[in-house]
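J.: First to last, the protein sequences are chains A and B.
For the first sequence, position 175 matches number 174 in numbering that gives the first Met the number 0, and the numbering has no gaps at all.
For the second sequence, position 281 matches number 280 in numbering that gives the first Met the number 0, and the numbering has no gaps at all.
Each hint should be verified, as a subset may be incorrect.
[Said to hold, decoys possible] Distance windows between CB atoms, simulated:
| no. | chain 1 | residue 1 | chain 2 | residue 2 | range |
| --- | --- | --- | --- | --- | --- |
| 1 | A | Ser47 | B | Asn148 | 41 to 51 Å |
| 2 | A | Leu237 | B | Ala115 | 51 to 61 Å |
| 3 | B | Asp157 | A | Leu12 | 30 to 40 Å |
| 4 | B | Asp157 | A | Leu83 | 30 to 40 Å |
| 5 | A | Phe276 | B | Thr14 | 29 to 39 Å |
| 6 | B | Thr14 | A | Asp6 | 52 to 62 Å |
| 7 | B | Pro80 | A | Ser47 | 38 to 48 Å |
| 8 | A | Trp194 | B | Val58 | 29 to 39 Å |
| 9 | A | Leu83 | B | Arg56 | 28 to 38 Å |
These are computed hints drawn from the structure, not numbers from a lab.
Yeah, the Cβ is synthetic: ideal placement off N, Cα and C, and Gly gets one too.
Here is how the chains run, residue by residue.
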Amino acid sequence: MRRFFRDFDWILLGMVLMLSVISVLEIYSATLHTKFVGFHKSQMVYLSIGLVLMFAMSKVSYQWLLEFAYWAYGVSIAALLAVLLVGTKVLGARRWIKLPGGIHFQPSEWVKLVLILTVARYFWSLASRKLTYKDILKAFALVGIPMLMVLKQPDLGTALTYGPILVCGLLLGGLRWKQALVLGIVFGTLFSALWFSGKLLKPYQKQRLTSFMSPDNDPRGSGYQIRQSLIAVGSGGLWGKGATKGTQTQGDFLPIPYTDFIFAAFCEEHGFVGAAFVLGLYFLILMRLIQNAQTAADLPGSFIVMGVASVMLFQIAVNVGMVIGMMPVTGIPLPLMSYGGSSVLYTFLALGMVMNVRMRRFVN
Amino acid sequence: METDALSGRNEKLPTGRLHAAQYILALVLTILLVGLWRLQVLNTDSFRVLAEANRIRKVPVLAPRGKIFDREGRLIVDNYPSVSCFLLREQNMQNVDADLPMIANGLHIPLDQLQATVKRYQHAPKYEPIPVKEDITPDEQAFIEAHRNELPELETLDEQRRLYPPGGFAAHLIGYVGEVSEEMLNDPEYAEYEPGDVVGRSGIEKTYDSILRGRNGSRDVVVDSHGREIGHLGETPAEPGHDLRLTIDLDLQKVAEQALQGHNGAIVAMDPHTGEILAMVSRPTFDPNAFSVRIKRDEWQQILDDPNHPLLNKAIQAQLAPGSTFKIIMSAAGLQENVAQGMHVFCNGGGTFYGHYFKCDARHGMVDIDHAIPWSCDTYFYTLAQRLGIETIAKYAGEFGIGEKTGIDLPEEATGTMPSEEWKLRNYHEKWYAGETISVGIGQGAIAVTPIQLARALSGIASGGVMRRPHLVFPDEIPDDQKDEYEQMFPGSGDKTVPLDPANWETITDGMAAATLPGGTASASHLEGIDFAGKTGTAQTISHDEATKLGLHGSQTNAWFVGMTPRRNPDIVVVALWEGGTWGADSAHLVAAVVNAYVTKQRRLAGNLVAETPKPAAAPAASDAKPVVPQGVAKPQTGPQGTAKLQGTAQNTAGTL
Numbered sequence: 000m001r002r003f004f005r006d007f008d009w010i011l012l013g014m015v016l017m018l019s020v021i022s023v024l025e026i027y028s029a030t031l032h033t034k035f036v037g038f039h040k041s042q043m044v045y046l047s048i049g050l051v052l053m054f055a056m057s058k059v060s061y062q063w064l065l066e067f068a069y070w071a072y073g074v075s076i077a078a079l080l081a082v083l084l085v086g087t088k089v090l091g092a093r094r095w096i097k098l099p100g101g102i103h104f105q106p107s108e109w110v111k112l113v114l115i116l117t118v119a120r121y122f123w124s125l126a127s128r129k130l131t132y133k134d135i136l137k138a139f140a141l142v143g144i145p146m147l148m149v150l151k152q153p154d155l156g157t158a159l160t161y162g163p164i165l166v167c168g169l170l171l172g173g174l175r176w177k178q179a180l181v182l183g184i185v186f187g188t189l190f191s192a193l194w195f196s197g198k199l200l201k202p203y204q205k206q207r208l209t210s211f212m213s214p215d216n217d218p219r220g221s222g223y224q225i226r227q228s229l230i231a232v233g234s235g236g237l238w239g240k241g242a243t244k245g246t247q248t249q250g251d252f253l254p255i256p257y258t259d260f261i262f263a264a265f266c267e268e269h270g271f272v273g274a275a276f277v278l279g280l281y282f283l284i285l286m287r288l289i290q291n292a293q294t295a296a297d298l299p300g301s302f303i304v305m306g307v308a309s310v311m312l313f314q315i316a317v318n319v320g321m322v323i324g325m326m327p328v329t330g331i332p333l334p335l336m337s338y339g340g341s342s343v344l345y346t347f348l349a350l351g352m353v354m355n356v357r358m359r360r361f362v363n
Numbered sequence: 000m001e002t003d004a005l006s007g008r009n010e011k012l013p014t015g016r017l018h019a020a021q022y023i024l025a026l027v028l029t030i031l032l033v034g035l036w037r038l039q040v041l042n043t044d045s046f047r048v049l050a051e052a053n054r055i056r057k058v059p060v061l062a063p064r065g066k067i068f069d070r071e072g073r074l075i076v077d078n079y080p081s082v083s084c085f086l087l088r089e090q091n092m093q094n095v096d097a098d099l100p101m102i103a104n105g106l107h108i109p110l111d112q113l114q115a116t117v118k119r120y121q122h123a124p125k126y127e128p129i130p131v132k133e134d135i136t137p138d139e140q141a142f143i144e145a146h147r148n149e150l151p152e153l154e155t156l157d158e159q160r161r162l163y164p165p166g167g168f169a170a171h172l173i174g175y176v177g178e179v180s181e182e183m184l185n186d187p188e189y190a191e192y193e194p195g196d197v198v199g200r201s202g203i204e205k206t207y208d209s210i211l212r213g214r215n216g217s218r219d220v221v222v223d224s225h226g227r228e229i230g231h232l233g234e235t236p237a238e239p240g241h242d243l244r245l246t247i248d249l250d251l252q253k254v255a256e257q258a259l260q261g262h263n264g265a266i267v268a269m270d271p272h273t274g275e276i277l278a279m280v281s282r283p284t285f286d287p288n289a290f291s292v293r294i295k296r297d298e299w300q301q302i303l304d305d306p307n308h309p310l311l312n313k314a315i316q317a318q319l320a321p322g323s324t325f326k327i328i329m330s331a332a333g334l335q336e337n338v339a340q341g342m343h344v345f346c347n348g349g350g351t352f353y354g355h356y357f358k359c360d361a362r363h364g365m366v367d368i369d370h371a372i373p374w375s376c377d378t379y380f381y382t383l384a385q386r387l388g389i390e391t392i393a394k395y396a397g398e399f400g401i402g403e404k405t406g407i408d409l410p411e412e413a414t415g416t417m418p419s420e421e422w423k424l425r426n427y428h429e430k431w432y433a434g435e436t437i438s439v440g441i442g443q444g445a446i447a448v449t450p451i452q453l454a455r456a457l458s459g460i461a462s463g464g465v466m467r468r469p470h471l472v473f474p475d476e477i478p479d480d481q482k483d484e485y486e487q488m489f490p491g492s493g494d495k496t497v498p499l500d501p502a503n504w505e506t507i508t509d510g511m512a513a514a515t516l517p518g519g520t521a522s523a524s525h526l527e528g529i530d531f532a533g534k535t536g537t538a539q540t541i542s543h544d545e546a547t548k549l550g551l552h553g554s555q556t557n558a559w560f561v562g563m564t565p566r567r568n569p570d571i572v573v574v575a576l577w578e579g580g581t582w583g584a585d586s587a588h589l590v591a592a593v594v595n596a597y598v599t600k601q602r603r604l605a606g607n608l609v610a611e612t613p614k615p616a617a618a619p620a621a622s623d624a625k626p627v628v629p630q631g632v633a634k635p636q637t638g639p640q641g642t643a644k645l646q647g648t649a650q651n652t653a654g655t656l
């Protein structure tokens with residue numbers, strides 16, 4: 000137990016908890032005048048469960064987890080298949096499985112964890128030699144299959160978060176520049192072909208992806224959301240309008256200000272100073288993760304930590320980018336800030352794995 | 000097994016790639032930070048403006064319109080609070096159609112009618128509210144309040160609406176209000192108006208709109224994205240419109256309204272000393288209350304299609320031949336030119352002029368000017384016209400304002416026509432025929448006057464040539480800085496003096512007084528104890544032969560009477576036009592009723608009410624007047640000329656609605 004206290008990453012936890020507190024306060028503010036008032040309490044419950052799960056996860060050896068990675072991967076594919084076949088349809092998307100006891104289970108978030116482990120294990124197994132195109136193709140299949148299944152639900156946001164796991168694995172797994180170039184060209188062509196064929200994305204997804212470039216073309220749809228978000232962020236100014244004082248947030252102009260657009264609400268009420276502080280915290284957290292990847296005892300440990308870090312960076316970039324009009328509206332929540340059980344639990348489990356790796360850095 | 004194999008490899012990640020990861024991280028977050036800086040620091044001002052525009056709505060606080068009173072301060076036009084209901088399609092974009100049955104039920108509107116209304120707005124911009132119902136009841140208002148969440152698209156608006164006297168009482172002079180139209184908003188004259196503003200569309204309401212309307216205030220309301228009010232910041236109070244006191248005397252107006260009940264035509268009563276209009280009636284009338292609420296399309300069409308033109312204010316817009324009333328102007332011309340003084344004409348029922356035979360109504364025998372007026376001898380005035388010639392007649396008529404607007408403070412006054420050689424050449428490119436002069440001598444032919452012109456001209460002659468601009472609002476009711484503007488708004492003959500020789504003045508006024516005495520043309524309207532002077536006029540609108548050709552029966556004449564009391568420097572002059580009336584004497588009854596009411600009232604006010612003098616022969620319509628909704632008497636076509644003029648003016652009026 001003493002060793003646990005010594006090796007646990009308290010600094011990382013401290014920063015994570017600081018963001019969590021900011022999150023709870025902003026959820027409180029953003030839902031104050033809506034029918035979602037009280038969501039900050041639910042968020043606190045999720046955070047508590049998340050913390051417990053994080054500690055639990057840090058106790059189970061990741062090497063042991065890696066052994067079951069492929070098995071877990073198989074189960075994940077089966078679960079995603081089950082969602083597509085018997086899942087509950089909510090708002091036109093089939094993302095949930097109803098379990099006995101009234102629990103709704105959304106497998107796509109957990110698949111992310113499994114994918115991080117699977118990719119770590121896969122590239123670890125290749126570590127002794129140079130990557131061949133066959134290896135690369137296998138890696139693509141490994142991530143691509145669940146990705147397409149989630150896309151089919153349809154859940155573009157979650158599907159996209161699988162991407163960085165693969166990219167991170169490839170880059171750290173020894174992808175060479177020439178191979179990267181070839182992959183870029185192949186996927187560039189493939190993507191444009193699919194985009195214009197309309198097979199891959201539904202029209203509304205396409206519209207969402209492009210409207211950020213010209214919000215005025217779609218002033219009532221996602222263009223409206225971006226416009227209101229920009230107004231919220233911009234009008235926040237240097238110091239912000241103060242907690243619970245954001246007119247865009249409180250007047251219900253900002254769409255879903257407690258989940259996807261929570262950063263816009265925060266920027267409005269706490270200004271550039273507040274936003275820079277939060278981005279600074281993210282920077283420190285991610286630097287800390289990279290440091291943990293460096294000090295990991297073995298290669299798969301590093302892969303796991305970097306997988307978690309890459310997903311988090313991707314989410315931050317896409318979510319904050321969306322809020323400030325640089326990225327399309329994809330429905331990706333901001334880790335550690337957005338309201339939502341699945342998102343919170345995933346993040347804390349992922350951080351639990353990071354702790355896990357860190358605590359075993361002196362082993363062997 | 001596996002574990003051993005795995006733990007056998009202990010490679011670490013290449014440090015270079017981890018460094019690269021750190022750089023990528025720093026780069027990504029820097030880009031985001033720069034993006035935030037751009038929005039929150041560099042462009043914050045413009046976004047702040049947008050945020051304010053988002054949440055603050057300027058809600059107008061409607062200014063109550065000024066009330067309208069009569070000269071004694073009695074209320075004529077009032078306001079009443081009213082609530083209207085609108086449908087905002089922006090609030091509930093998909094489900095409006097689905098909500099219609101519920102709305103129809105709650106607001107007591109037939110569903111198909113509501114659906115038709117919504118359909119009409121199908122292609123209108125979405126932000127344009129659809130008026131659903133006006134003047135909703137408290138019950139219906141409660142329904143809207145109770146269903147705010149289910150029916151967020153319903154919105155109510157509190158207004159003050161105009162309450163006009165019932166039955167079209169004084170409708171033409173007061174006019175009515177309506178919502179400012181698209182064309183008006185494009186007109187620089189209406190620059191101050193905003194869409195949805197209520198504006199006077201005719202009558203006093205239009206002329207004095209700037210005084211009556213006041214200035215709307217506004218309230219800065221904080222709203223959420225659904226437009227729901229969540230607070231308010233400040234308020235600019237509305238400036239209520241100013242009340243307006245008219246020169247109208249309600250007592251006289253009532254008598255005049257009753258007198259004309261059931262007939263088509265007009266009555267104007269004026270104080271010749273000042274030009275103040277004491278009463279003004281036009282028939283048929285309309286109910287302006289129907290216009291203050293949005294009028295239904297078919298009702299509006301019905302009014303426009305009515306051959307009797309109920310919207311036309313005949314007191315200032317009917318342009319008709321004055322008939323024998325014109326003989327007063329002829330007399331003034333003849334006497335001032337020293338032609339009539341010694342002129343004796345033998346009337347044998349007519350006379351031949353320029354090879355044509357012109358009829359008189361009777362064989363008057365030897366006639367001089369003293370008898371020509373009360374007897375209204377056509378032969379005398381044919382002869383006088385021949386002696387004077389059209390140019391002299393036109394000169395005097397023009398001096399007295401015939402063929403020119405009077406400048407009364409009402410919109411769309413008609414000018415009438417005074418023919419002359421030059422006029423005919425200009426309009427018809429034809430030479431003047433001497434025979435036409437003979438017709439003009441008795442107020443027939445191309446000459447056309449409005450009742451208000453006649454009132455101004457004849458009362459001017461009775462006042463020794465001093466004419467006043469007729470007006471409905473006391474000058475001191477108009478703010479000083481607007482007086483000039485109002486003056487220029489109504490150009491016309493206005494205030495003017497045409498000096499009359501006192502002897503001539505006496506001759507004419509005595510002649511008019513004799514008209515109501517036994518032997519005069521209006522002897523049936525004699526008012527005992529009242530110095531009642533006047534002149535009848537019976538104007539043919541179509542010749543007898545033409546009427547027969549067209550298969551028309553009955554009267555094709557308009558009956559005129561201009562009456563006043565006392566005969567010299569009268570206190571009141573009343574003009575009555577009875578379209579389709581057979582004789583000027585018929586109109587004399589209408590005038591007599593008004594004059595009698597006036598004198599009776601003045602005597603009562605003076606406290607020396609004489610014991611009920613023998614009841615004057617009141618106008619037939621007045622005696623059996625019932626308080627019924629006025630309805631125009633179905634009247635055969637007026638002459639082609641009269642009809643054309645009426646329609647022309649009617650269309651002008653309609654155009655400004």
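J.: Looking back at the hints listed earlier, which ones does the structure fail to meet?
T.: Numbers 1, 3, 4, 6, 7, 8 and 9, in rising order.
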